[in-house]
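Start from the sequences and build out the full structure, keeping to the hints where you can.
So the sequences go chain by chain: P, R, E and C.
For the first sequence, this note's numbering begins at 488 and goes up steadily by one.
For the second sequence, this note's numbering begins at 488 and goes up steadily by one.
For the third sequence, this note's numbering begins at 488 and goes up steadily by one.
For the fourth sequence, this note's numbering begins at 488 and goes up steadily by one.
There could be a bad hint or two in this list.
To be verified - Here are the computed distance ranges between Cβ atoms for each label pair: (1) R525(C) to Q524(E): 33 to 39 Å; (2) R536(C) to D736(E): 48 to 54 Å; (3) P703(E) to Q707(P): 24 to 30 Å; (4) E605(P) to A528(E): 34 to 40 Å; (5) A783(E) to Q758(R): 39 to 45 Å; (6) G796(E) to R525(C): 31 to 37 Å; (7) R529(C) to E644(P): 55 to 61 Å.
FYI, nobody ran anything at the bench for these hints, they're computed from the structure.
We put the beta carbon where it would ideally sit given N, CA and C, even for glycine.
Protein chains: 4
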Amino acid sequence: VDFRSDNVGGAHPAVLEAIVRANRGAADPYGADLWSQRLAARFNDLFEREVAVFPVATGTAANALSIAMFTPPWGAVYCHPNAHVNVSECGAPEQFSAGAKLIAVPGDSGKITGHGVERAIHREDAVHTVQPSLVSISQASEIGTLYTRSELESLSEACARHRMHLHVDGARFAHALVALGASPAELTWKAGVDVLAFGATKNGCLAAEAVVLFEPARAQELAYRRKRAGHLISKQRFVSAQLEAYLTDELWLSNARQANALAQRLGAALQSAGFALATPVETNQLFVTWPASVAANLRARGFAFYDWGALGPDVYRLVTAFDTRVEDVDALVTAARALRVQDATSPTKR
Amino acid sequence: VDFRSDNVGGAHPAVLEAIVRANRGAADPYGADLWSQRLAARFNDLFEREVAVFPVATGTAANALSIAMFTPPWGAVYCHPNAHVNVSECGAPEQFSAGAKLIAVPGDSGKITGHGVERAIHREDAVHTVQPSLVSISQASEIGTLYTRSELESLSEACARHRMHLHVDGARFAHALVALGASPAELTWKAGVDVLAFGATKNGCLAAEAVVLFEPARAQELAYRRKRAGHLISKQRFVSAQLEAYLTDELWLSNARQANALAQRLGAALQSAGFALATPVETNQLFVTWPASVAANLRARGFAFYDWGALGPDVYRLVTAFDTRVEDVDALVTAARALRVQDATSPTKR
Amino acid sequence: VDFRSDNVGGAHPAVLEAIVRANRGAADPYGADLWSQRLAARFNDLFEREVAVFPVATGTAANALSIAMFTPPWGAVYCHPNAHVNVSECGAPEQFSAGAKLIAVPGDSGKITGHGVERAIHREDAVHTVQPSLVSISQASEIGTLYTRSELESLSEACARHRMHLHVDGARFAHALVALGASPAELTWKAGVDVLAFGATKNGCLAAEAVVLFEPARAQELAYRRKRAGHLISKQRFVSAQLEAYLTDELWLSNARQANALAQRLGAALQSAGFALATPVETNQLFVTWPASVAANLRARGFAFYDWGALGPDVYRLVTAFDTRVEDVDALVTAARALRVQDATSPTKR
Amino acid sequence: VDFRSDNVGGAHPAVLEAIVRANRGAADPYGADLWSQRLAARFNDLFEREVAVFPVATGTAANALSIAMFTPPWGAVYCHPNAHVNVSECGAPEQFSAGAKLIAVPGDSGKITGHGVERAIHREDAVHTVQPSLVSISQASEIGTLYTRSELESLSEACARHRMHLHVDGARFAHALVALGASPAELTWKAGVDVLAFGATKNGCLAAEAVVLFEPARAQELAYRRKRAGHLISKQRFVSAQLEAYLTDELWLSNARQANALAQRLGAALQSAGFALATPVETNQLFVTWPASVAANLRARGFAFYDWGALGPDVYRLVTAFDTRVEDVDALVTAARALRVQDATSPTKR
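Okay, structure coming up:
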């Protein structure tokens, strides 16, 4: 039973069906197809304004393209030390921006603040240092926490003061949306966000992400950047069809709600079983503290999860997804609870 | 009826079925899944030696990663002026290689020769010029012609003399393979090819290409390059499954044979109808000379194809694919033939 | 006696004296010194408008920075096949622009035309090809020829039609200026030039070039680019002092006049001695056709010059400079004339 | 009186004289001149082994080229947070390496340790993170402190364990050398250093630095990198002549000794006047804590120095150089001492 990540799962049947349905006759290549055109209109509706949307196959591509749009080679990008763009993309933002610098801004709960960003900026010495260009956050964050609207606004005000832009890595944007009860517009451009990496793969698609640019006048530049990075897919209808199905009948929201609910259920049960959580459960990730013996034992029984030393020793990450089964959640709780009892009564404790 | 390109079509049903079948439970992400492991073994078999295979979503990515593996930023890549990497990738090879230079080497029939490459090399002035690093060819070429084994060997000998490597853009590799009646090994490493961009999208897949590296010791570097370019797909099983289906039961070869056969049929019929072909039909592309009125008329009747000024005025490209229907081919011939007659009898000719 | 290039010579005594004079006490580093400030004012005067001037140490840096200012990574730069930026800078323009593409536009007399550039542009296929961004010419050209004001205007009109900018590699700008009898303003911004790599090293300095940007509002970007490329010199006063001396009392113009005059003298004498010139002598370079035996014989006598196969077999380049001595010119002529006679009377000619 | 930095001064007369002397007749361009050849031999002697030496005009260029030699685009460079390469080069290392990542490793006294570097390395997740490639230190450090030979060895052992290389930013290498009483070889390759940015500008030259590569077999690659970055100077004799004079009669060592001695004198006097130093004086920089009123008063009297908030509030940096006059040092001490007394007796203290 695999709680390692929400990328170990498959695709939602409705997404697969959409792909199969899209396999009909000829279609214009390179995004001129009808699916992509419909998708563009749908994103405009979704965000309550005109946006430019560029489907791509990976979140790394969506993030790196977004960052490059607003960061010159001599630019600085401020982000949390543990940001995916900082530690898990093998330098893609640096490559796409032709050598920009990511500057880690410490922050509690996996989040950064406008104040923290401004403290990190030092550009008294104009020509010698990289120049403040972008703030990049993950919503939900890498540890599943959420930026409230007022936190977003505080960040965007800091951006405005320093002529920076604001990027959101939305690999788990749907999970944030339903948890915050906000609209896509409220969590993005209405709060000052300039570009969103809209994730869908982790929440039901095969391989479908999108850059959503809230400055559509610059869409042509992004088109060149995407093509040049090898991320313009010739039969794009098959990516757009995934995204269309993802948005249809609020599939994305119900998928995210389910994942979040299971994480809540799992977190509550683990706490009631006596295990501490390293952070409150806000979306579909949770971080539990287990004695090493418990973790080892659970793994021996077939439960999979990652160590998460960044949040302290003996912390493990559990991720739920749209396709996590409630019985698997309960089985994990039952097994952990049993080990807890065993551990509590064991004469030699770790 | 769309003869514009072999990327306007969809996917082969067997490929779609493989995707649907792969959607079963959890799988290791980022290429550690079973589908990708099986695929690696299958490519070893296919090429009769150990290779390193890296699935990606686009041909541009496959080409640009291949080129970057063998071309330092100060390197020169020799290719045909009309090579896809030179004119149709918006500078992806330059981006992936951090600024290498593509040098156009003229050549007949859409092909370059070892002699032509060597004439283009001038490095007497060692430090001032970019350095010969790679020869890049398309097999089949951009106009559907083929490099014979001896032509390949002549190129690889030129490479050896100048310590260059040899790259094949195999967007239509299957079509070349069946037309030449050679084995994958014979057309690649046995003939001195170092890296192949193995295309599958144009011949039956949704979005599946692969870099095949014949120097597997350097696979780790390619892994970093792919990740950093945003081309490591998290749910890679869905790409590997496409490629697996593509190779199963020789689907790729039968698809290519069918496309090639229809191009032959089309070419022969157009010639017998009195239209000249700009090049012999060797694979699944043909280039026909039509009076402008014929072309306009055909388009008005719903036939789609591209102008191809590179081969002369009034030249048009027609491409067949695995899913081209024979009745569409015949309909085009019938319509063209009728216009020919009309044209011949018209008092005012163009 | 060295006619290989105008970079084999030393510096003009007045330039050296200026360096020695500048070595007095403390000065603000990184271009905030008084010499650099005076230089900025002087360039404004020289060009009859406000410009932004950035001293650097090499012509390659001046060119590559200029190009990068107006060429995005997905941009195309149109230039003559033999342009210094295309063949003699080991890919510096590609590096500084993060991967732009230089496109060779053939042209007679070492020059390109607006018409030639427009013929080379094909951007019907917007996202797949690199985008027209810059035209780059050398004034004087690599073979010493000159762009007249009307030729410049024809180029800048082509630029305007395609929203491109115009760059001049002015490694030998002074030589062009005096030969054309035009003002710096007339040969640059008044004719539509956006940026000039202003050369001084070849005409009397040690190591002093400058980027002259005719869009001073973008100076800050250029400041970052220069710093980031390692071309902001800490004790910049020593470069600015060179340029100041270079401009004082029209030293640069008299140096260039002298070099041009010697090239004329040399060209006329060689022609009267029966040797053909491959191009008319317009500035300080000439290209003479010598039988191989003559060239070898002259070299054996201590005369140095380069082969110049680009202009045909048996063509050799001779370059005069501000410090070329008239007696050395005459000695070369005398020696060549003697060999000519010998050659003419020799029974076995090449 | 300017204590801001050792780059506000001029050049040593012996260096200027060498430039003037080098201005004699023709010389091979691009480093093939006799001065550069002699210099190469001299560096071999100096470092007691064969090295490859590449003169350039700036320290930023020397550092960025050094880093790029050992850091692939997906590489990580470990350095102190305040390293010049990290905060004062506007991203040059990122540009030259095509997008590598600098990772700040905290450390006391302006230095990093092998242990600190190893703690910062996390590459369990091979393909997702940038890969450990280089450790970069400044010797002397940015705050004038020194790496002992055993500290160097500890760093190079960490490098060996992780297959990294070791770079030294030697902008003030001479100051470190005389302070440590070690030989150039002992402080570099004998201690595991792979490449040194050998500074000379701050210690008596106009604009002369050099990359010293202790793996001369890779010199050709560095030659391409230097040219391509615009750092191959055509009349290189004028840079090599500076470096030659700099090394002759141990000018570099006596210059550095003098600067260090004045810093010692200044530090001792300031301490005896009751001002605390933020770090011990080890080379030619010192960091003094002054009440803001004292600093303001001194500035009003014409003394120039920088704020250095990185070492705490009210900390100021004073730098001595080869051309700092002892009377200026003493004048500063006298003025500060007077303000100290005044401050101590003032009823309202800050």
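Status of the hints after comparison with the structure:
Checking the proposed 33 to 39 Å range against R525(C) and Q524(E) shows it holds: the Cβ atoms sit about 37 Å from each other. The supplied range of 48 to 54 Å is met by R536(C) and D736(E), whose beta-carbon atoms lie about 50 Å from each other. Between P703(E) and Q707(P) the Cβ separation comes to about 27 Å, which falls inside the hinted range of 24 to 30 Å. Judged by the Cβ atoms, the range 34 to 40 Å given for E605(P) and A528(E) holds: they are separated by roughly 37 Å.
Distance hint check: the CB atoms of A783(E) and Q758(R) are about 57 Å apart, inconsistent with the given range 39 to 45 Å. For G796(E) and R525(C), the hinted distance range of 31 to 37 Å is satisfied, since their beta carbons lie about 33 Å from each other. Here the CB-CB span from R529(C) to E644(P) is close to 58 Å, well matched to the stated 55 to 61 Å.
The earlier numbered hint that this structure contradicts is number 5, and it is the only one.
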